[in-house]
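Given the sequences, and given the hints that come with them, work out the whole structure.
Chain by chain, the residues:
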Amino acid sequence: MKISIIDLEVSNLYSITNAVKYLDYNYVVSSSKNEIDNSDCIILPGVGSFPYAISQLKKKNIYQTLIKNVKNGKPIIGICLGFQLLFSNGQEFKNTNGLNLIKGSVKLLPKKNNLPIPHVGWNNLIKSNKKSISFFNNKDNFYFVHSYYAEPDDKKVCLSYTKYGNFKFCSSILSENIFGFQFHPEKSGRAGLNLLSNTLKNAKKI
Amino acid sequence: MKCKRIISKLEIKGPNLVKGVNLEGMRVLGKPDEFSKLYYRENIDELYYQDTVASLYGRNSLYNLIEKVSKDIFIPLCVGGGVKNLKDIYNLLKVGADKISINKQALKKPNFVYEASQKFGKANICISIEAIKSENEYYCFFDNGRNFSNIKVLDWIKNINQIGAGEICLTFVDSDGTGKGFDLDFINKIEKITNIPIVIHGGAGNKKQVLELFKKTKCDGVSISSLFHYNYMLQFNNDSDIKYSDEGNVDFLMSKTKSKKIESIKINNLKKFLTKQKINCRI
Amino acid sequence: MQKKFKKSNLEQQVSHIPKKVIWCKKCLISNQRPRIMFDSNGICSACKYAEYKNEINWDKRHDELKRLLDKHRSKNANWDVLVPSSGGKDSGYVAHQLKYKYGMNPLTVTWSPLSYTDIGRENLQSKIDSGFTNLLCTPNGIFQKKLARLCFEQLGDAFHVFVLGQINYPFQLAAKLGIELVFYGENGELEYAGDPKYVDRPYKPSEEWLTQHFKGTSFKNLLKYGLNNGYLNKSDFTEGDLTFYDSPDLKELKKNKIKGKYFFSYFKKWIPQENFYYCAENTGFKANPIRTEGSYSKYSSLDDKFDGFHYYLRFIKFGLGRCVEEVSHEIRDKHITREEGLALMKQYEGEFPKKYYQEFLQYLNISDKQFWNVVDSWRPKHLWKKEGKKWKLKFPPK
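Chains as they are written, first to last, in my numbering: chain A, 1125 to 1330; chain B, 10 to 292; chain C, 9 to 406.
Rather than coming from a laboratory, the hints here were simulated on the basis of the structure. Do not rely on the hints blindly, as some may be mistaken.
[As the list claims (entries may be wrong)] Taking lysine-lysine and the PhoX-like style, the derived pairs with C-alpha atoms no more than 20 Å apart in a straight line are:
#1 1263/A <-> 161/B
#2 277/C <-> 107/C
#3 363/C <-> 161/B
#4 161/B <-> 1231/A
[Unchecked claim] Beta-carbon label-pair distances, calculated as ranges:
#5 399/C <-> 1145/A: 57 to 67 Å
#6 1262/A <-> 103/B: 28 to 38 Å
#7 70/B <-> 60/C: 30 to 40 Å
C-beta: ideal position from N, C-alpha, C; glycine also.
Given below as structure tokens:
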């Protein structure tokens, strides 16, 4: 299976490429329509700001390419900001349209209970559907670093919830060929590598 | 539930991992990549890298090291030292850094932090503060604790609130390398004025101090150097395959002595101890 | 005493330095340092000694130390060794090792700095609290200040007044208290100048050190000049006040079997940075929260507010400040590269010690204008040139 890892020139690609390499998959780092079209699976990583990332997607002319490929059934794995970009819109700095592959919005984490924003650090995932078990365990902790969270309109796409203080948000999604993780599996040690491996195995079957 | 973060800070000078006292002295304790891999295996949550001579040369020299360690280490890496412009940040992220730590340039040009947050995301920008007590007030220092900024730590943090940053890593220079614990009162003062996650560095000498830090403050994580380095360096003592550079203050390393004042402890044992005391950790 | 400043020829070092400036190829010291030597390859004698240090059989030297201490150790735990100690890392290390590792009974003695810093006092107290009786001698303030001014103007170094007591006080006390062994930390002439006379010698005999360190002029000459030229009045001091400024009588020293200055650095490989770590761990030593002006380190010479002026005047007289000494020693220790040393020198060498400048002027009872008159009078023509309003070194390090 050949993976195309999208390069927006803000993301930490080295970590995700290292992880993919470690798991023994072929990959290409790309922002070209052809390479994305020719790949079997897309990873959309993310570090940075929502509006800037969207503008980069458009600048590199792959905004539509991604939408088209995914709608045609190609698996896509969105990570952190990449996960958020999958949604309809985001509110970081200004209201920006996302890829709209998952209906829902990306909002700022609520400033309740004086909990620091961004949500940084290790947190666990609470299973929210039958499929969750094939991706992670209850005891696993994953590395989160985000100020915004994604709220899908259809709760059924949630693969897991995570609690930050008393606030519960959707921390991963699975909708047919669309996988998304708010946290960074490539930064979550052994648990993260296992999750990524399981995800890629699932993607392969699609 | 969110875990408290157990982080190790690796101070780097050239090819070596070094550790001083009060940020002074550059005693070599070993090779940074070996320590990194070992700590990852030992279940450390994150690694912070600080280039201690970056400010002297006006550049960060950790690119090769980060590129190397990020191949086999899949936990967050924060890198700092001499970061002056957006290109520096981009270049470090490109080789595998997840977060960038800034001190001097942030103090001199606070707007730089805002620009960096805009471009790279606030969450990936860490403001490092070197705090030294002078006449009962904590002041910000830079250039590895050498130069004085005349800015009070509390004032600087209020300013950071306006500018925005992912986290603050505060180093208590007065306790750095001494194992004498943390100034919990001051941390409480900081917590009253900011919501930004705080990681505390400088003074961890035993597990009780770390427990007290988490019980009595709301800090997000603890960054530990001496306590881990002096323990784990003993593991390398018998490894004759490791070729040490003879650059730097290697006398202590070559003498294979054990540091007297450091409690003997492993990373996972610290975490288990904390978890038993109801401090949530990633085991 | 506002006499117009007129120079004598009490100072004998500056006139003897070579007129052509050469920088060592290995470290960063120059031939302007009094008593240093350069070989035909442009390597200085201090570097040569540093290399030699690696060939020394330190186990053998250690045995020598044990034998020496066994000979002097008091059978009834009375003071058996005198350690001149500022409270700094080097003397702290020596005193602590002598007591806790070798079972000696040291008495530590301190000749007060011109003006104590807070961190200096703290470190002295920490050292005392780690188990030492300490005698601190603070000389007559009126006399000291006037003498300091004399030294500043006529020797180009106010600090000289401290140096007098620093060397003489321990030996005067050793003679008075009957302590045969006087132990210093490093042999400065060897560690920083590589004087071959002192290689492989555990101590410097009293006869020898009595003639050195005084910039070519005895205390008696200094006093006489001061009285004759309006710096001092007879009413400023009593005979008693002069006790510790002057050298002890050689006969007294010999009678008390005081051989001379023993150096710990002869018996153990001397690494100042490791002394810092040792003291941080064992005597509660704390580095200065603020960097020492004129250099990069925070653990050297922290006890005297006016120390910076000693190094600043050195920079004026020889083109060598504080940074170059530290950097050069670290290069020789292989702690840093020459390149790093140069970068450090660029940032810190010759930095004006402005923190305590006003206090210093008050101490010497001179004005800013007078200060600069004196300083400029000490600039050798072969070292300095004026570019516009600024003075620059003709031959900077490279």
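Hint check:
1. 1263/A <-> 161/B: 42 Å, violated
2. 277/C <-> 107/C: Holds: residue 277/C and residue 107/C sit about 19 Å apart, inside 20 Å.
3. 363/C <-> 161/B: Given pair residue 363/C, residue 161/B holds - Cα atoms ~19 Å apart, limit 20 Å.
4. 161/B <-> 1231/A: Between residue 161/B and residue 1231/A the Cα gap is close to 34 Å, so the pair fails against 20 Å, i.e. violated.
5. 399/C <-> 1145/A: 57 to 67 Å: 59 Å, holds
6. 1262/A <-> 103/B: 28 to 38 Å: 35 Å, holds
7. 70/B <-> 60/C: 30 to 40 Å: Since the Cβ atoms of residue 70/B and residue 60/C sit about 33 Å apart, the hinted range of 30 to 40 Å holds.
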